[in-house]
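**Q** Here are the chains, one letter per residue:
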Amino acid sequence: MELTAPRAAPGAGPGAAAAVDEALAEFAAEVGPSGPVCVRGGGTRWCQGGPGDPEARVVAAPAGVIDFEPAEMTVRVRAGTTVADLHQTLAAAGQRTALPVRPSGTVGGALAVGESSPARLGLGPVRDALLQARYVDAEGRVVTAGAPTVKNVSGFDLCKLLVGSLGTIGLIGEALLRTRPIPQTERWVRAAGADPKSVLGQSRTAASILWDGSAVWVLASGYEVDVEADLGELAGLGDFEPADPPELPPHRWSCSPASAASFGPERLGGDGRFVAEIGVGVVHADRPQPPRQMSPGAARLNDQIKARFDPTGRLNPGRRP
Amino acid sequence: MTGLLSRAAGRVAGRRRSRPDPLVADLVAALGPDRVQADAAARYLASRDASIFSEGTAGPVCFPASTEQVQACMRIAARHHRAVVPRGAGTGLSGGAAPLGSPVVLSMTGMNSVLEVDLDNRVAWVQPGLVNLELSRRVAAHGLHFAPDPSSQQACTIGGNVANNSGGPHCLAYGVTSAHVAAVEVVLSDGEVVVLGGLEAEPGGYDLRGAFIGSEGLCGIATAVAVRLTPNPPAVKTMLAAYPDAASAAATVGAVIADGMVPAAIELMDARAVAVIEEFARAGYPRDAGAVLLIEVDGMDGGAAIQADRVVAIASANGAASVRVAADEAERARLWKGRKNAFGAVANLEPDYYLHDTVVPRSKLAEVIEAVGEIADRHGVSVINVFHAGDGNLHPILAYDSRIEGMTERVAAAGEEIIEVSLAAGGALSGEHGIGVEKRDHMDKMFSPADLDHQNRLRQAFDPHCRMNPGKVLPSPHSCADIASLKAADGALWG
Ligand SMILES: Cc1cc2nc3c(=O)[nH]c(=O)nc-3n(C[C@H](O)[C@H](O)[C@H](O)COP(=O)(O)OP(=O)(O)OC[C@H]3O[C@@H](n4cnc5c(N)ncnc54)[C@H](O)[C@@H]3O)c2cc1C
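Protein sequences, first through last, are from chains A and B. Per the working numbering, the very first residue in the first sequence carries number 722; after that it's consecutive. Per the working numbering, the very first residue in the second sequence carries number 227; after that it's consecutive.
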């Protein structure tokens, strides 16, 4: 059977024609088609991916929540909005996103950096929160990645490429994010001397399990009955008491979950402090992770991606995810 | 374009028949005679998938047994200027595995081992030909499973799931394939092997793993996959709510989500679906229902009970005539048996069916289902709705008899209108079956030329010469280097 249809005028469809709002159009004009540019969010993670080029023109994405649909569990937001402001809007309907909240950190910044919240175990990674993005490309055009729905496999998944790209593929102006219900109860507890792997194997409500080499913290999250029952079971593994979460050391290491659960101060020169995210693999430490080697094949693909999307290297020059 | 390609292929094949094909000889030398089939029967079997697209033409079909053999096939195909199409179980519904222009087909079903179960990292390294359900069976003893559960899970492969970023009923709460794959070993079109992603929390560089998943065989061939394993929930409650009509069932979906719950699954079946399913599978669905919802919640005992109570209340408030909560595992299995056998049941109804796949916002479900019914009526086609309602993923099944003059054209016309109403409702072309050839020429209804240009850049970063599964996903003006001009440059290139 012949499935090919008479071709519609390019971009004539309802999805393709979906309006680019004025704020986004202005952002695209500001980025323009030439000259090095970097986008500034809240500036909270400028340490990531190398220093930017000081010559680059600084642009800022527009701000504001455009559309929040609690019954769809989606929110459309401009990338310059702070995650804190966004979450305040969502909280009114008992929802939030998987994006980490950092003082003055923006939605665009959180997506570009791609680092997940310490509650990734429960919330999922940032990359799974982005459903659709509108970004300004190296030619100054507005490009749409993804779909306006919670599920989509229409074409290549450009959203995944954008998350964690440090603004080197395109500058995100607007995002449609998946939201999640805020659970009935969330409670941090701590036990000295508990075994983190056993806690991971046991707990059914943990949205985060942190371990500093001696104590284990658990963020028990869910229905009150479940949290109570879970904490009852966890009592067999340690003396869990209500506590504040630990302060996280400034540097982020990326490990496998197994190696995070067997992390030790010897990896930090003997006396370093660390807090490991159990079941996830991120380790927060007081010194930076030694540079990781990328395989030659993966490095080549990374270079090809950058070359195809930003041939002149004008987007966030100097930075490399 | 497709027609042109197959005519060119026919000429080339005809010319070759008179002497031994050097391409086949090279493949046999690399893989051994048992792993290369070039006879007409084998090529016919590899020419189609489960979609209605029937114009595929396969070249030699290879059954590699290792990553090295996949590399060898890629290099040989490159040397002979031939395209390569990876193939899993062929259950795809968008023509993704249907070869265009007689390429070398790599059937991955022989690479079906579980390579390693790594409990400390809760992942398993598996080969791409492993059948989806077999994976969950193999890790069941550890209280774990692979969350994506396409309705085809008894047959479809992990490689196909990765290539199509497949979903399934339980992806509502757990997420689709992309959320459950940590890393993929890929053979690129030049034969190089590269591991995308990794077991570490934040692998460096761009998320090439995420970019590869859903790339429908256009970015390379997955030869090993690190899948994440999900602990089985301690408590599961499965409910069947019966409604007088589909609109009230659809309204329940939005109301449940708005109530702050994300059930494990919400599946909707309309009156016709209930009738054919009951006839075929005897799942115990009320035969007089205008629609049913199959809803599952899970978690710990207390929370699952709270959610089940809320679901029952919301369903009743939205007009459910009855809500049954499965009393035991046997009843639960029976309720799911109905849903999982729906497509088999439809096959009893008419000789042919076209299983469509679009997504709409949950709030538009009722309106779009009604429009779909109206479209089908107008074209004189019967439509049956069985779909993942929780995430707005419609699957209208158009059942028909292709022997009736003009019927195939009517089905195609109805299919196109379903796309139009879904997109007009703020939806998407495909929720899980992919674009393949089926929806390739509709891509520009959803994406602008700049959007498609960027999708093509991603594809070309992986495969600059477009030798992987050419002619799929991207409409030709946005497809790289345009296949037609390559063909003109070398008559044998796509033949
Ligand atoms: C009755 C029925 C029910 C279905 N239900 C669902 C459902 O609930 N959810 C859903 O998402 N889908 C569903 N499908 C569609 C289909 O089963 C899925 O898309 C499945 O993942 C395809 O797997 P496969 O092994 O059959 O792949 P194939 O059909 O053989 O191939 C699919 C695509 O993957 C590519 N591919 C295959 N293997 C590889 C590899 N190793 N590396 C790179 N690319 C590769 C092919 O080139 C092709 O583009 C259903 C299909 C049927 C027939």
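No wet-lab data here; the hints were simulated from the structure. Nothing here was measured: the structure is a model prediction, and the numbers come from that model. Backbone N, C-alpha and C define an ideal beta-carbon position, used for all residues, glycine too. Please note that a few of the clues may not be correct.
[Claimed, not checked] Covered by chain B, per the in silico footprint, the following chain A stretches (three or more residues, Cβ under 8 Å):
no., stretch
1, 782-793
2, 865-878
3, 884-890
4, 937-943
5, 991-998
6, 1003-1017
[To be verified] FRET-style restraints, in silico, Cβ to Cβ:
no., chain 1, residue 1, chain 2, residue 2, range
7, B, PRO457, A, GLN905, 20 to 28 Å
8, A, GLU747, B, ALA573, 50 to 58 Å
9, A, GLN923, B, PRO703, 52 to 60 Å
10, B, ARG363, A, SER755, 55 to 63 Å
**Q** Look at each hint and say if it fits the structure.
**A** Here is what the structure says about each hint:
| no. | hint | verdict |
| --- | --- | --- |
| 1 | 782-793 | holds (count 4) |
| 2 | 865-878 | holds (count 13) |
| 3 | 884-890 | holds (count 4) |
| 4 | 937-943 | violated (count 1) |
| 5 | 991-998 | violated (count 1) |
| 6 | 1003-1017 | holds (count 4) |
| 7 | PRO457/B <-> GLN905/A: 20 to 28 Å | holds (21 Å) |
| 8 | GLU747/A <-> ALA573/B: 50 to 58 Å | holds (54 Å) |
| 9 | GLN923/A <-> PRO703/B: 52 to 60 Å | holds (56 Å) |
| 10 | ARG363/B <-> SER755/A: 55 to 63 Å | holds (57 Å) |
The structure shown violates the earlier hints numbered 4 and 5.
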